[in-house]
Amino acid sequence: MTFFKADGLAINFGGIRALDGVSFEVATGEVFTIIGPNGAGKTTIFNLISRIYDPSEGRMTFCGEDITRVPPHEIARRGIARTFQNIELFEHASVLQNLLLGRHAHKRSGFVEELLFLPRVERLEVEHREAAEKVIDFLDLQPYRDSLIVNLPYGVRKVVELGRALCAEPKLLLLDEPSSGLSVEETEDMAFWIQDIQNVLGITVLMVEHDMSLVSAVSERVLALNYGRAIALGTAREVQDHPEVIKAYLGG
Amino acid sequence: MRFVFKTSYGQDVALFRDGVQRNTYIALFLALLVLPLLVPEYVGDISLVFIYSLCGVSLMVLTGYTGLVSLGHAAFIGIGAYVYVFVSQDWGMPWIVGVAAAVVVTAASGVLVGLPALRMTGVYLSIATLAFALIIQEVFTRWDAVTGGLKGKAVSRVVAFGVPLGTDERFYFLCLAFLLAGLWLTANLLRSPTGRAWVAIRDSEVAAQSMGVNLAVYKTMAFAYSAGLMGMAGALFAHKIGFLAPDIFSVLFSIQFLLMVVVGGLGSLHGAVFGAVFVALLPVLISQSRDAVPVWAGHAFALFGKDAGNAVFSAVDRFVKQPGLEPGIFGLILVLFILFEPLGIYGRWVKIRLYFSVFPLYKHATFRRQKSYMRSERLR
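One line per chain: the protein sequences are A and B, in this order.
Under the working numbering, the letters of the first sequence match residues 1 to 252, in that order.
Under the working numbering, the letters of the second sequence match residues 1001 to 1380, in that order.
Watch out, some of these pointers could steer you wrong.
No more than 30 Å apart at the CA atoms, straight line, and that leaves these computed lysine-lysine pairs for DSS-like [claimed, not checked]:
# : chain 1 : residue 1 : chain 2 : residue 2
1 : A       : 134       : A       : 107
2 : A       : 134       : B       : 1351
3 : A       : 247       : A       : 107
4 : B       : 1306      : A       : 107
5 : B       : 1006      : B       : 1351
6 : B       : 1321      : B       : 1306
If you want the ones that stay clear, here's a sample from chain B, every Cβ over 12 Å from chain A, calculated [claimed, not checked]:
#  : residue
7  : 1013
8  : 1067
9  : 1097
10 : 1120
11 : 1204
12 : 1207
13 : 1212
If you are wondering where the hints come from, they were derived from the structure by calculation, not from laboratory data.
We put the CB at the ideal spot given by N, CA and C, even for glycine.
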């Protein structure tokens, strides 16, 4: 059984065909990267997997289940969490609250018991709090636990967003440009964390990334896209040397 | 400056931050218990503040926490009031059944408004709720059999569980009990996953959705809960004013609720209460200054001669007696708050508290608003 499989994904925005029959498979436990020039359709694939967009054609299967028509809020419960290219945190909430919201897919309390805050709700809350604390330890977020997001620098926000996705305890983690806007040191940290996520937490990672040093450091396989079509698949080295990829980036 | 040293996860989940905060609220509660003895002549006004606070909490959940702006909350309090009076008076049901009916029917109407609201955001949602309020006001006017139409409907005094609570003082305690219940229930929700999901919807719908929040369910839930609280307030409000007529539940009333949450400070329960105090006491202040201001102005200009004084007096007097002055002042205050103190009275209160706790190290930049990064607009 394949872990995640996209089969002939296509989507049209008006007359523009943003994705044109992209197929790929992600194996359990690997780091799979999608690269490509601007507008190649990388983020569109993510938005299709998180079901924000409906594909015009094609199917997606995850752990043997067809998720092509699953409603967007069900995706997290299936075990897929994501981060966003431009950071979509809850800005007027604290880091802790953001991480706790990452636990929403594991919510087990009902409305009435929450209204009265019965002991069961309190116990569940403490459990969520513990799970969030593990992520805080994992990502060294201790100094920022109670700070509001609006007061945090960009690099930290990026980590908080990663933390929020980890709080969902996903099987598949989608990272949309984890290094964009980060300094060289922060990018190195990010590379270590991605390796730890893969090796220590055992989470499969699917990411979109431009920074080739990060890509070659962490990913087993790389898929290159251009104008919504897959043009190369292989190791980072192979894809970088592929004539189609060089042509896509440099023209000619 | 004082820091809370946390030693267990339970402390992050607790209702109060620490013992000091809990004791402060207990002291405040005791003060409210003896207040009727100290200022018996204001007990009626303070009951109104409590009822308004409940309305403020209701709209705060919807607007301050979930980020859905409603201009139709007067309709919900109206539905609550009419249903309560109809069930408990016309049908002669017990008091508690009347209150329950008011809450349930209003919450159901909240769901009804919430459903189409799922497809609308921002100003379109406000307009839709405004339209709802206008329709409901028309229903109040036309549905004679239930509402008494334009003739209105007299409300008898409260009798709960066979105990008459009609006197100002007893009614004060009833309102206080309802407000505390409303605050407690809301605070519970806000520290649970549901409250976090609401905040998430307010700040980023797309992120909330991808973390597993069902937008339709939680938005509808926010509408229903907010409306239900409003219905509860309506049952008290009916007794407070003693006479229901459709023109009470006008658009201006809805705007007053919005004024409450914005002036009080969006996104805090304190703000809802501060805002209610402000809105309930502002008309009193305005009506008092209506008499006082022309006299002061007259006296001030009397220095330039008696004629000047008289002329200024009558000019100012004519100005302040203009109809529409009150909504004008309300609107002006709303605009000024949005411009200069977007965090409202609560935000100001936090700043003042910080100023004293870190004195003399307070710096203005602490609260300077940062430029926030562009969020992806392609997903809207």
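Against the structure, the hints:
Distance restraint check for residue 134/A and residue 107/A: the Cα-Cα separation of roughly 18 Å lies within the 30 Å cut-off, and the hinted pair is therefore satisfied. Under the criterion of a C-alpha separation no larger than 30 Å, the hint pairing residue 134/A with residue 1351/B is inconsistent with the structure, at around 33 Å. Straight-line distance between C-alpha atoms of residue 247/A and residue 107/A comes to about 48 Å, which puts the hinted pair past the 30 Å bound. In summary, the hint linking residue 1306/B to residue 107/A is not supported, as the alpha carbons are separated by about 75 Å, beyond the 30 Å threshold.
For the hint pairing residue 1006/B with residue 1351/B, the CA-to-CA distance comes to about 24 Å; that is within 30 Å, so the pair holds. In summary, the hint linking residue 1321/B to residue 1306/B is supported, as the alpha carbons are separated by about 22 Å, within the 30 Å threshold. For residue 1013/B, the non-interface assignment is contradicted: its Cβ lies about 4 Å from the closest Cβ of chain A, within the 12 Å cut-off. With a least CB separation of 10 Å from chain A, residue 1067/B falls inside the 12 Å interface cut-off, contrary to its annotation.
Every CB of chain A lies more than 12 Å from the CB of residue 1097/B, the least distance being 20 Å, so the non-interface label holds. At roughly 19 Å, the least C-beta separation between residue 1120/B and chain A is larger than 12 Å, which holds for a residue marked as non-interface. Chain A draws residue 1204/B into its interface by the beta-carbon criterion, the shortest separation being 4 Å against a cut-off of 12 Å. Some Cβ of chain A comes within 12 Å of the Cβ of residue 1207/B; the nearest lies about 4 Å off, and the non-interface call is violated.
Under the 12 Å C-beta cut-off, the non-interface status given to residue 1212/B relative to chain A is violated; the minimum distance is some 3 Å.
Checked against the numbered hints above, the structure breaks hints 2, 3, 4, 7, 8, 11, 12, 13 and satisfies the rest.
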